[in-house]
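Protein chains in written order, with this note's numbering: chain A, 1411 to 1704; chain B, 45 to 293; chain C, 150 to 510.
Calculated directly from the structure, the hints in this document are not laboratory data. Just to be clear, a hint being listed does not mean it is correct.
Label pairs and their computed distance ranges (CB to CB) [what the hints assert, rightly or not]:
no. : chain 1 : residue 1 : chain 2 : residue 2 : range
1   : A       : LYS1526   : B       : GLY62     : 51 to 57 Å
2   : C       : VAL245    : A       : GLU1412   : 41 to 47 Å
3   : A       : ALA1682   : B       : ALA176    : 42 to 48 Å
4   : B       : ARG166    : A       : LEU1688   : 48 to 54 Å
Glycine included, each C-beta is placed from N, C-alpha and C at the ideal position.
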Amino acid sequence: MEHLVQTLVDAVSVGSLYALTALGIGLIFGVMRLINFAHGELITFAAYALLALVGLPVPVMLFGAMVVAVALALITERAAFRPLRNADPTTLLISSFAVSFFLQKLLILVVGSRLKGLDFLPALGRQIEVMGVRLQLLQIATILVSAVLLVALTWFLRSTRLGLQMRAAAEDFRMARVLGVRANRVIAMAFALSGVLAAAVSCLIVVQTGVVQPRMGLQLVVIAFVGTVIGGLGSLTGAALGGFLVGAASILLQALLPPDLRVFREAFVFVAVALVLLFRPQGLIPARGLKERI
Amino acid sequence: MNASVPLLDVSGLVVRYGAVTAVRGVDLAIGEGEIVSIVGPNGAGKTSLVSAIAGIVPPAAGRIVFAGKSLAGIVLEDVVAQGIALVPEGRHIFASLTVTENLLLGATVRPDAEGVRADLDRSFDMFPILGARRRQPAGQLSGGEQQQLAIARALLSRPRLLMLDEPSLGLAPTVVDQVYGLLGTVREGGVTILLIEQNAERVFGLADRVHVMSGGEFGLSGTAAEIMADRRFDAAYFGVHMHETASDR
Amino acid sequence: MAPVDVAKARNHGILPRLWPLVALLAIVAVIALCASFAPIVLQRRATQGLINLIAVVGLYVFVGNSGVLSFGNVAFMAVGAYVSALLTMKPTAKAVFLPELPGLIAHAEWPSLPGALAGGGAAAVVAFLVGLPLMRLSGVSASIATFAVLVVVYIVLGNWTAVTGGQNSLMGLPAYVDLWTALGWALAAIIIAFAYQETRSALQLRASREDEAAAQATGVDVVRHRLIAFVISAFLSGIAGVLLAHFLGIVRVENFYLDLTFLVVAMLIIGGRGSLTGAVAGAVVIAVLTELLRQIEIGVQIGKTTIGAPPGVGDVILALIMLLIILFRPNGLAGGRELTWPFGRGPSQRAIRNDSSGNPV
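Work the whole structure out from these sequences, hints included.
This is the structure in structure tokens:
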């Protein structure tokens, strides 16, 4: 029984992480139809920012990570994606792939490709007892942070002017502009928000693994991509749900699969994703306004 | 009625999409308070003309002057602040947003929150069905209701010129009557209207002046009564160029 | 155009129509020939370049014709490499690295050509199975799905220790790939790619590239044509993987993941993803570039010191070039065009010039 609860909490915790990552990707896809491979690099760079700021008070480290992620997001938007704003989706995808690799290789050039250890917020590694079940404090923290960010993002999108403009732009970009919504502002906001989400994910990952390496973002993002596709491209709820399901499924499979098959769990998840897409190619919660011509 | 300087003054407008010329040198003047209509078949260039005025497509040549100010080089997002609002073909309401949210987006460029709230209430008075459904997602509205929403949304920017591209498209005749009735009320509120339609008969009761557009150019122009009586209307509508001779009159 | 005229134009235009193929084959053959006179180190690099060329051509067959970017072709390279390795390795070597291998494979020792074909064939089969659900997705979703294929294959091959050795390298493969073998396969790949893209299926697929809705409305079965392209593309990629494995003499799953994916995609984008000429151009340009960058990284010796760029600069520069191409010349160096017949008008150009009754002018 205890094991079951632990597994469930673990699943929710990991699922939340992937949900946050998928949200960051989904935000940008919504306004720009761009799948941002470079989102992984936002996570990686935020982690290296933590590394660089080691020794400073924790709030400063967290703030530094966020600033780095947001700045990098805005720079990539301005330099690489704005010129391509009207390009076809495949060109956008290629450019984000190129940006991602450029940033990754640049980072490797500067800091080397070996992983580095980082003992961040070790207190979160403690175990606590909740209703008789032993859980990791980090898992609770992950779930809480994710919930807070989700609520904050939802509030922002639903209750602020800019949030409304973003939602409109995501559904019908040109009509939004006809009404006076500023394209640059809305897109920059989406990138900035994705940076914030990336920083949060980065900090949580660093606490969990204690390791910083140039590939860490990419690994996360690969799985999150798949989650976004299964959730339904263009729908934020879909992205979060898809990311959550993929992450949670990975943990549940780890618990349920026989030992020799456990290493293949991600493969199983992806196969399940393929099956879902077979029956529902537009995803679980497809976006309205993702226009079907004809 | 008509001020000596037209509210909208378009001269020599040319619009191209790649190798295709959709608008071939059009002159259009609309006086303040008028309802001007442009009618013509599919592909005549009506939407391209309106898109150019609204700033969606850049003109290849020609001038667009609104309220004495040239619109050349103005970015799409800034046009609505100049006082021009567009209800595009197909309405383009935001289906996933509520009726109220759609309306609020119409007021994007307005800084006065109080005024916007007042106008919102006024919209619900003028379009009671929208008031009844104010919290519903706009995608759940019927075609006619969506058209009303699109018009109300455009009005929320307090435009001086309201342009409507084929508002009767896809709507039942009784619904179209309703919409056109509303447009009359809108004009009474002091808004100048440019009305694009395929269905020419409809506009004759509402428009002050009518231009018949075909093949990217204006053919016949005149008051609604003049056009209705003119035997050359069919030819002009379908793009056969007729040369006016004394014997035709 | 009247049917008779079409036939006339076709017959007159046979050389201009084949010109892109002939030119590309000639260029590649000449480069290989030049390399054969160079020191052995350069020959090996040329061989690697030819293998990369096959990989890019393989990717092009799908991407160029369908307009959908695939990140999964390196997975097919991996499948090809492992299948060929397993079939052609000496049983004694297999016993060392893969003691748990099922008997039939453990004792197999195939000659290189059947092994290579089996590798390509296995990749094609995987592509077929994977492509059945995948090809129904729209462009970007399909691309992400191919990315997932890459990851899945990586995970499976990397953890199926009994069959593949997992994360460990498989060594002792017969290293039969020399410059001429690679050249032979490269020429074959170009011919296959060219022959495919002249088929009706490929033509219809390219039509869907521009406007999927319109193509479907006219009855084009986009999914089927995409699948065909995907399978052929996988076969060629599989062959490239086979050759890579038998060139290096080892197979490591790590070699068939993101870095190689980036390299192959970069070559295609830089050369131009819309034409076979672009694919070949990309391979050639990158081969030259990597050689230059390698020299820069090795550095220049001035007196006792060596001034060179830090390792890893090459990757950054490659990524930067890819970005610049996408920003300023999105159709790549070849611009989506094939090499054109330099003498006189080709049949397509001739077809345009007709008088009003449809007779060629």
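Each hint, compared with the structure:
1. A hinted range of 51 to 57 Å for the beta carbons of LYS1526 of chain A and GLY62 of chain B is consistent with their spacing of about 54 Å.
2. At about 45 Å, the beta-carbon gap between VAL245 of chain C and GLU1412 of chain A stays in the expected band of 41 to 47 Å.
3. Remark: the range hint 42 to 48 Å for ALA1682 of chain A to ALA176 of chain B is upheld by a beta-carbon distance near 44 Å.
4. Distance hint for ARG166 of chain B and LEU1688 of chain A: a CB-CB separation of about 51 Å, consistent with the stated range 48 to 54 Å.
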